[in-house]
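Student: Sequence:
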Amino acid sequence: MDEFLGATGAATIVLLKLKDKEKPPSIKNLKLNLEVENIKYYKGDGWYRNGIRMLEQLLRILNSPTDPVSYWLNLSCTDFLQLDPDVNQQPFYQLAYSDITIAGFNLTNQCMSDLEKLLSIRDDLCSMRDSVKSFLNRIEYNIEFAKVNSIDDVSMLDPKLEVLKKTFSNYGDDALDSINSRLAEWHQKYKWKGRDFEEIAVTDELDSAEINQ
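For the sequence shown, our numbering gives the first residue as 9, with consecutive numbering after it.
Just so you know, these hints were derived from the structure itself, not from any lab. Just so you know, not all the hints are guaranteed correct.
Said to hold, decoys possible - Each computed EDC-like pair below joins lysine to aspartate or glutamate, with the alpha-carbon atoms no more than 20 Å apart: (1) Lys141 to Asp122; (2) Lys141 to Asp92; (3) Lys173 to Glu148; (4) Lys48 to Asp92; (5) Lys199 to Asp122; (6) Lys155 to Asp138; (7) Lys51 to Asp92; (8) Lys199 to Asp28.
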């Protein structure tokens with residue numbers, strides 16, 4: 009992951025969302041509230057944005073499990089913290105910074121590779137489902153085209169569209185549910201340990217004030 013998790017390949021990552029021109033929290037106060045000695049502070053769209061994109065894609069999927077979710081959506085994360093491995097949440101951090109904290113994760117290079125594979129599988133599944141929807145829409149268009157242009161071809165005029173729609177009505181639903189469950193399990197396993205706190209919802213509307221319980 010290009011040292012996204014540091015030289016050891018393991019780190020606690022905390023995603024932050026600051027408003028425009030909002031002053032970043034001081035490293036001194038962060039160390040005090042997190043009870044840690046080491047903190048690295050990075051911009052979300054900097055060198056390590058690939059790792060940030062994967063984590064945000066995961067959060068978006070958990071918020072919208074039935075929708076395709078692109079890796080290339082604009083980032084909500086403006087800044088992030090890289091801490092030592094297995095750093096837990098602390099109550100004083102939550103009191104001071106919960107309003108700017110999107111989410112936190114205790115990560116390793118291996119679990120990020122696992123996440124990358126799961127996200128890739130889901131992307132492919134969504135593409136397959138979309139291709140079937142596009143096929144059915146094209147058949148419907150072709151029927152109207154044949155009618156309007158007086159084309160006498162029963163295979164185009166009556167391709168049993170309703171039968172096809174019924175056949176493919178739940179195409180890939182079980183597969184999507186399965187991969188979503190695996191992603192939810194990944195999130196449960198690697199999310200920031202400690203007392204649960206409200207995570208700022210990662211949405212396409214970057215200024216949204218939604219809270220994801």
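Student: Against the structure, test the hints numbered earlier, and report the numbers of the ones violated in rising order.
Tutor: As far as the earlier hints go, 1, 2, 6 and 8 are violated by this structure, in ascending order.
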